[in-house]
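**Q** Sequence:
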Amino acid sequence: MLASCFPGSSWVCPSVLCVLIVCVLFQEAKCGYVIILMALFWCMEVLPLGVTALFPVVLFPLMNIMDSTKVCMEYLKDSNMLFLGGLMVAIAVEHWNLHKRIALRVLLIVGVRPALLIMGFMSVTAFLSMWISNTATTAMMIPIAQAVLDQLHKSEQETSPVGHVAESINKAFELQEVPDKSDASQETQKQEKHLTFCKGMSLSVCYAASIGGIATLTGSTPNLVMKGQMDALFPTNNNVVNFASWFMFAFPTMLLLLALSWIWLQIMFLGFDFRKNLGFGANASMKAKQKMAYRIIKDEHKKLGSMRFAEIAVTVLFLILVVLWFTRDPGFIPGWATNVFNKNGESYVTDATVVMFISLLMFLIPSEIPTYLCHNRIPVLPALLDWKTVNQKMPWNIVILLGGGFALAKGSEESGLSEWLGSKLTPLQNMSSPIIVLLLCLLVATFTECTSNVATTTLFLPILAAMAQTICLNPLYVMLPCTLSASLAFMLPVATPPNAIAFSYGQLKVIDMVSSRAPLRFSLTLVFTFLLFCLSFSLTRYYRVAVNTSTLPAGLYVGFP
Numbered sequence: 001m002l003a004s005c006f007p008g009s010s011w012v013c014p015s016v017l018c019v020l021i022v023c024v025l026f027q028e029a030k031c032g033y034v035i036i037l038m039a040l041f042w043c044m045e046v047l048p049l050g051v052t053a054l055f056p057v058v059l060f061p062l063m064n065i066m067d068s069t070k071v072c073m074e075y076l077k078d079s080n081m082l083f084l085g086g087l088m089v090a091i092a093v094e095h096w097n098l099h100k101r102i103a104l105r106v107l108l109i110v111g112v113r114p115a116l117l118i119m120g121f122m123s124v125t126a127f128l129s130m131w132i133s134n135t136a137t138t139a140m141m142i143p144i145a146q147a148v149l150d151q152l153h154k155s156e157q158e159t160s161p162v163g164h165v166a167e168s169i170n171k172a173f174e175l176q177e178v179p180d181k182s183d184a185s186q187e188t189q190k191q192e193k194h195l196t197f198c199k200g201m202s203l204s205v206c207y208a209a210s211i212g213g214i215a216t217l218t219g220s221t222p223n224l225v226m227k228g229q230m231d232a233l234f235p236t237n238n239n240v241v242n243f244a245s246w247f248m249f250a251f252p253t254m255l256l257l258l259a260l261s262w263i264w265l266q267i268m269f270l271g272f273d274f275r276k277n278l279g280f281g282a283n284a285s286m287k288a289k290q291k292m293a294y295r296i297i298k299d300e301h302k303k304l305g306s307m308r309f310a311e312i313a314v315t316v317l318f319l320i321l322v323v324l325w326f327t328r329d330p331g332f333i334p335g336w337a338t339n340v341f342n343k344n345g346e347s348y349v350t351d352a353t354v355v356m357f358i359s360l361l362m363f364l365i366p367s368e369i370p371t372y373l374c375h376n377r378i379p380v381l382p383a384l385l386d387w388k389t390v391n392q393k394m395p396w397n398i399v400i401l402l403g404g405g406f407a408l409a410k411g412s413e414e415s416g417l418s419e420w421l422g423s424k425l426t427p428l429q430n431m432s433s434p435i436i437v438l439l440l441c442l443l444v445a446t447f448t449e450c451t452s453n454v455a456t457t458t459l460f461l462p463i464l465a466a467m468a469q470t471i472c473l474n475p476l477y478v479m480l481p482c483t484l485s486a487s488l489a490f491m492l493p494v495a496t497p498p499n500a501i502a503f504s505y506g507q508l509k510v511i512d513m514v515s516s517r518a519p520l521r522f523s524l525t526l527v528f529t530f531l532l533f534c535l536s537f538s539l540t541r542y543y544r545v546a547v548n549t550s551t552l553p554a555g556l557y558v559g560f561p
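Numbering (the UniProt record's numbering), first residue to last: 1 to 561.
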């Protein structure tokens, strides 16, 4: 905890910042005091993130910025319910080990050749991160990767000449063999090569977990923060950010970033010999290692047994959820929500409604095949999901953190701070829009290395939205890439939980993460900034899009109205 380095930070920060209120007697200064105080508490972790997010409930009414009723209403909005419902579905998937079955099956299909093995782990991790938390995905995939790596190393030692020589020694005499220097040097090189491959594999999993989370609206919390801020700051945006519209842009972007990351990992940890990395022309030793690793994955998959009724039921409900999300309001054609649940031209059903419906079904459907037609006494069957499991695995602090962000955004609007900040950033209007976006993305990505990506997007997005309006840019043109940048915190172990999990296995050093990730993060930021610019050329000017979203290009957001 950073607060341990500053023992008095819990009272020093509020006291020093009080000068802002005393010297500047405006509502903007009062709201700025709350935002700066919360930013410091979040960065230094003086209090838990969720506790700090409750500050607006106390401070906004005391400072006459907002009344308590309005502040509290910001803590449970549509985006919060979407987050809760999405996590309930993810908890059900984890509870019945469905994610592990998917992971092992894909690895069996892809194979265990070095480059393809990394590709397989990255593909599975990214896919799972689209639907369940990045932390849970990494926590599951890293041990599987570690088991495969251990078996690869073991089989390599068994097939090495040094290992055979050691076995041929007459153990009765217990003679100490003097190793040949060339053999020792060769063994050292193999150890270093194996360690390098382990580093690449560990990094591939946490890369893929962070990148995969950007593909869906519920895949990563910053995505939901952006949706919530968009709805709060521009209430007449006609649901411009929904599951389908987000997926249409973010999923291709995710695939591109994932491919670039895979290529980068090949260069950094496997070398430029792509033919060898893909397993062509492998010698007998390499084939033996691959066979052993494949056997481990196959044994792990066999331990799961055949699919149970609960797994099948969760899979079916999950597929129904995805279909309902995509067809609710696709944009290019009227969706089922528009045709059926429509009143005065306004749809009353959102993505949160759909996911909550599926979540409720999971509490009702039994986890075993009911035997209602049998003559035996019917036992009470457990449901696919129970509240005890949900309560244990649900990150309630993030729910409160989301609400705190919405409260900050509303307070900034009510106090006039957003407008004031936007007016101070008007000199940026003289710069070209791609340069503005690139600089802001790098700023957000750097800031995220030191604090939570949720806290970062919560603090930055309202300010960026106000700035965009002031300099006549579409807010989405700035908010969208900066939200994606918050998920690319690759450099430090403390930046994201996936980084910390990969680092905890002891194979990675901080210098490994910084040296391999700094160029990659900058490159990926350049790529999706350029991609956004190519697809959204008509977003460079802001023509009342908060009220009329018809100016959005079909090439970027087909699902937008």
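You may find that some hints are simply not true.
Unchecked claim - Per label pair, the in silico range of CB-to-CB distance: (1) Val323 / Asp78: 19 to 27 Å; (2) Thr446 / Gly416: 23 to 31 Å; (3) Asp299 / Ile369: 23 to 31 Å; (4) Asp386 / Met307: 17 to 25 Å; (5) Pro382 / Asp299: 22 to 30 Å; (6) Met73 / Ile267: 50 to 58 Å; (7) Glu419 / Glu192: 55 to 63 Å; (8) Thr327 / Leu256: 39 to 47 Å; (9) Lys303 / Phe363: 24 to 32 Å; (10) Ile369 / Asp78: 33 to 41 Å; (11) Pro434 / His301: 44 to 52 Å; (12) Leu443 / Thr327: 36 to 44 Å; (13) Thr236 / Ser306: 49 to 57 Å.
FYI, nobody ran anything at the bench for these hints, they're computed from the structure.
Think of the CB as a built atom: it goes at the ideal place given N, C-alpha and C, for glycine as much as any other residue.
**Q** Now look at each hint and say whether the structure bears it out.
**A** Here is how each hint holds up against the structure:
no.	hint	verdict
1	Val323 / Asp78: 19 to 27 Å	holds (21 Å)
2	Thr446 / Gly416: 23 to 31 Å	holds (29 Å)
3	Asp299 / Ile369: 23 to 31 Å	holds (28 Å)
4	Asp386 / Met307: 17 to 25 Å	holds (21 Å)
5	Pro382 / Asp299: 22 to 30 Å	holds (29 Å)
6	Met73 / Ile267: 50 to 58 Å	holds (51 Å)
7	Glu419 / Glu192: 55 to 63 Å	holds (58 Å)
8	Thr327 / Leu256: 39 to 47 Å	violated (26 Å)
9	Lys303 / Phe363: 24 to 32 Å	holds (29 Å)
10	Ile369 / Asp78: 33 to 41 Å	holds (36 Å)
11	Pro434 / His301: 44 to 52 Å	holds (47 Å)
12	Leu443 / Thr327: 36 to 44 Å	holds (38 Å)
13	Thr236 / Ser306: 49 to 57 Å	holds (52 Å)
Checked against the numbered hints listed earlier, the structure breaks hint 8 alone; every other hint is satisfied.
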